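All chains should be modelled from the sequences, with the hints used to inform the complete structure.
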Amino acid sequence: MDFIKRIIFSKKTILGAGILLLFIFCLYPFITLLWKILFPAGEFSFKFFENVLSSKSTVVALKNTLWVSLGTCFMSTLIALPLSWLLTRTNIPMMAKWRSWFCLPYAIPPYIGAIAWIYLANPSNGILNNFLGQGFINVYSNAGLIWVMGSFFYTFVLLSLLAALDRMDPSLEEAARLSGAGPLRVFFQITVPIVFPSLMSGMLLVLLAAAASFGVPALIGNPAGIYLVTTKIYTLQKMGSMNGIFMAGALSILLLIIATAVLIFNQKILSKNSFKTVSGKTARPSLIDLGKAKAPLTVGLIILFIILFVMPLFGISVTALSKVQGKFEFSNFGFQNFQRVFFETHETPRALMNSFKLGVMAATATTLMGLLLGYINKKTKLKGRSLIEILASLPYSTPGTVLALAFILTFSSNFMGLPISLYNTMGMIVIAYFAKYLNFSLRTTSDGFGQIDDCLAEAARVSGATWWITMKTIWFPLMKPALMASWFLVFMPAFSELTMTILLTGPGLETLGTLIFQLQEYGDASGGAAAVLALLTVIAVGMINYLVKFISKGKYGL
Amino acid sequence: MKFGTLLFTLLLLVSLGCNKESKEESKEVWIYTSMYKDTIADMTPKLEKAFPELKFKWFQAGSEEIATKVNAELLAGGTQADILISSDRFWYEEMGNTGYLIKFNSERTSKIPPQLKHPEGFYNAVSIPVMVMAYNSEAINDSDAPKSFKEMADTKWKGKFTTGSPLASGTNFTTMAMLQHNYGWDYFKSLKSNETIAQGGNSSVLRRIQSKERPVGWVLLENLLRFQDKDKRLKTIFPEDGVVLQANVMGITKKPGARENAKKVADWFLGNDGQAAMVRSFMYSPFESFEPPKGAPPFSKLLSNSFDWSKEFIDKTTKIRGELKEKYTEIMFQ
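Protein chains in written order, with this note's numbering: chain A, 16 to 573; chain B, 1090 to 1423.
Hints may contain errors.
A few chain A residues facing chain B, derived, Cβ under 10 Å [as the list claims (entries may be wrong)]: (1) P97; (2) L251; (3) N281; (4) Y438.
The list that follows gives simulated cross-link-like pairs (lysine-lysine, DSSO-like), each with its CA atoms no further than 30 Å apart [unchecked claim]: (5) A:K71 x B:K1247; (6) A:K51 x B:K1301; (7) A:K62 x B:K1116; (8) B:K1281 x A:K71; (9) A:K78 x B:K1281; (10) A:K78 x B:K1247; (11) B:K1116 x A:K338; (12) B:K1278 x A:K372; (13) A:K372 x B:K1116; (14) A:K338 x B:K1383; (15) B:K1301 x A:K71; (16) A:K51 x B:K1344; (17) B:K1278 x A:K71; (18) B:K1239 x B:K1301; (19) A:K78 x B:K1116; (20) B:K1344 x B:K1146; (21) B:K1416 x A:K71; (22) A:K51 x B:K1343; (23) B:K1319 x B:K1278; (24) B:K1126 x A:K338.
To be clear about the criterion: a stretch of chain B counts as covered by chain A if any three or more of its residues have a C-beta under 8 Å from a C-beta of chain A, and this derived list gives those stretches [unchecked claim]: (25) 1144-1150; (26) 1197-1210; (27) 1286-1294; (28) 1299-1308.
Derived from the structure by calculation, the hints contain no laboratory data. A quick note: this is a predicted structure, and the numbers were derived from the prediction, not measured. In this text, a Cβ means the ideal position worked out from N, Cα and C, and glycines have one as well.
Printed below as a string of structure tokens:
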């Protein structure tokens, strides 16, 4: 028994299992897809790639995607970088609350934001334009698209930066300050270079997420005439023929190749700048007194929060409360939509439960996997370990519909010759979420491991601890904040995922996301039920977040 | 051993999630449909009563989602669906031609008018949605309201018109194909320069009309009938150039073994209970003996002024379905 236990908990077994799972879930589905594209009728053919590459609109789509993604990335950084400084290094009032509030948009699916912003800022009769003059703000534009995506994706950069700034040893900053450097100079010359890997990692996530996202580009990009790669993939997939599906797959693989190139480039840069600044003991940074700037900065913070969060929420709330859309009369407001969603739609409780279960399973599995892979990535000298990050990024940078397709092809029947079918089961959705969000988890844990110096583990080993004991007594406790962060980073988007779920779901497997979509696009007579569910999603996520914060006395949660 | 316990629980949870509810395959009937949720909710108890020995599994999504799902399933080795009911008739033509559907003919199907079924029986219409136009009378005076599909190409309607997306909705694809067949691509180029928003399914079109983001749109009559008592601002237009009749069609997939259960259920949809449920959901029945839906004109009146479903149109559209969507995307979305 002891022998078996030793084998199961040996470093090689556990790490090996981790790498095997990574291959099965993050690479194998793409190989299956590529195989079907290259051998459509049993014979090798390059025609789908040729068709896609020779089309003029592919070039247009690639160019647009590049600009929109870069724009979104730039905007996200512009919001997140100053915010992260203000919320970790200054004496701004109610710092902890602001931190939590500004991270909340992370938990809301961007397509809900798109619906809200169309409501607020469409050029014909958006609420804002009713005040500012018709057509003053046009959400159907490049700027609008970038704004809406950026107003959600900035949280990727912000979360990444906040975590890094919290973990970072502040003595370097203090040394600079004592030597007479001003607060801004300290920030840009000391702090930013130290957290640079985290900043890059957050920015890269935004870049990949923007290039692979579909909801916002469809709702805002189509009316604006902004044609993106995901729009093209969607069109091809919706042509309704097998050829269309293959061409969509071919284009996705192109997108993957580009994403991989970006990732490798990033790794090359980052390998030159990495710092270990956590040594097991933490010190609180001394906060900078904002002095006279405190009042205007606080006001600025409030305004930013209203624009980013309160206004879209207001838009959704008005929709949810309207008996009939588009009527601004007091008599038109009521709780009819709520009643219909909660008492007359029998799928609602089941969808809530399913979303919760899926979120928990995906988050737990992903976080455990993140712990293993992060360890391999940062704390072993395993050959080819730099591939881990790239492999984990593949599903993330693939549009959800294509990922779902690859998963159906791979896991429906005869998986690697085994008679296993996950099709139309919750297991299929869980592994799809697992693959899609592993990247979040891996980044968080890698950042965590990267900042912890080896000296503690070495001390354990010198004292005679096995690998498993070291893992349990040193790494696990030290990594706990990173693991909890990772769990939330996966749970929240998984809770309301839509694009993949819509193709993978089966009878009795409704989730909040698919229910919102069905009510929004097909089944809802008065048009408010989807908004009610969207509001419910925001409230549920917020409540879970605060519950966890309350129980853990503010240590965990957003 | 907390870690181990956690791992174990997780595996257990996942394996529970993967357990299929039942193994009796022949007694399960899987129906993939684009019919609205309330229609399904209305029908299910009656179906279960009529076939107590069978278990019904529904998958509801837009027509084009269903096509994508079924195509992916076929690529992976076979579809789970037994019965398909959705509104992209041309997809059924292709499915029939490529051998994925079986022929289904019964006494009831023989009473369906020939233009609403496949000549050999690969599909039959179970209901007839009708594409009309609508406007919001709060934004547009009744006297100014448009009168035809064609008129919407006029610059007078710049920034006022909305449709669904042919990529998301089968009825919107059919309408697009019909108007393209009759008016050519120039019509859509004009719609584009008029800043027409073409997005989502019919419910979202209606929402844009209600919110006045775009006060005029083409939309299914059934969506408007659902609102006849709730929102008096919505006015229906029966276009002078004709309404676009759709066909919600039903096909039975080819699978090894007998298909008797699937056929029995398919025939139920064409019987009294099935058809009455369609009419209650504000769609016309393909059988003359049924009354029109509540608040709708008689079918014969619509039929007399509708776009023509010629054999030539069906064959052509089936063949160039992908190209039509691609060209449309190029014009409207780029």
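We went through each hint and held it up to the structure:
no.: 1; hint: P97; in the structure: violated, 34 Å
no.: 2; hint: L251; in the structure: holds, 8 Å
no.: 3; hint: N281; in the structure: violated, 31 Å
no.: 4; hint: Y438; in the structure: holds, 7 Å
no.: 5; hint: A:K71 x B:K1247; in the structure: holds, 29 Å
no.: 6; hint: A:K51 x B:K1301; in the structure: violated, 46 Å
no.: 7; hint: A:K62 x B:K1116; in the structure: violated, 42 Å
no.: 8; hint: B:K1281 x A:K71; in the structure: holds, 20 Å
no.: 9; hint: A:K78 x B:K1281; in the structure: holds, 22 Å
no.: 10; hint: A:K78 x B:K1247; in the structure: holds, 29 Å
no.: 11; hint: B:K1116 x A:K338; in the structure: violated, 42 Å
no.: 12; hint: B:K1278 x A:K372; in the structure: violated, 47 Å
no.: 13; hint: A:K372 x B:K1116; in the structure: holds, 29 Å
no.: 14; hint: A:K338 x B:K1383; in the structure: holds, 22 Å
no.: 15; hint: B:K1301 x A:K71; in the structure: violated, 36 Å
no.: 16; hint: A:K51 x B:K1344; in the structure: holds, 22 Å
no.: 17; hint: B:K1278 x A:K71; in the structure: holds, 19 Å
no.: 18; hint: B:K1239 x B:K1301; in the structure: holds, 21 Å
no.: 19; hint: A:K78 x B:K1116; in the structure: violated, 52 Å
no.: 20; hint: B:K1344 x B:K1146; in the structure: holds, 17 Å
no.: 21; hint: B:K1416 x A:K71; in the structure: holds, 12 Å
no.: 22; hint: A:K51 x B:K1343; in the structure: holds, 22 Å
no.: 23; hint: B:K1319 x B:K1278; in the structure: violated, 35 Å
no.: 24; hint: B:K1126 x A:K338; in the structure: holds, 20 Å
no.: 25; hint: 1144-1150; in the structure: holds (count 5)
no.: 26; hint: 1197-1210; in the structure: violated (count 0)
no.: 27; hint: 1286-1294; in the structure: holds (count 8)
no.: 28; hint: 1299-1308; in the structure: holds (count 5)
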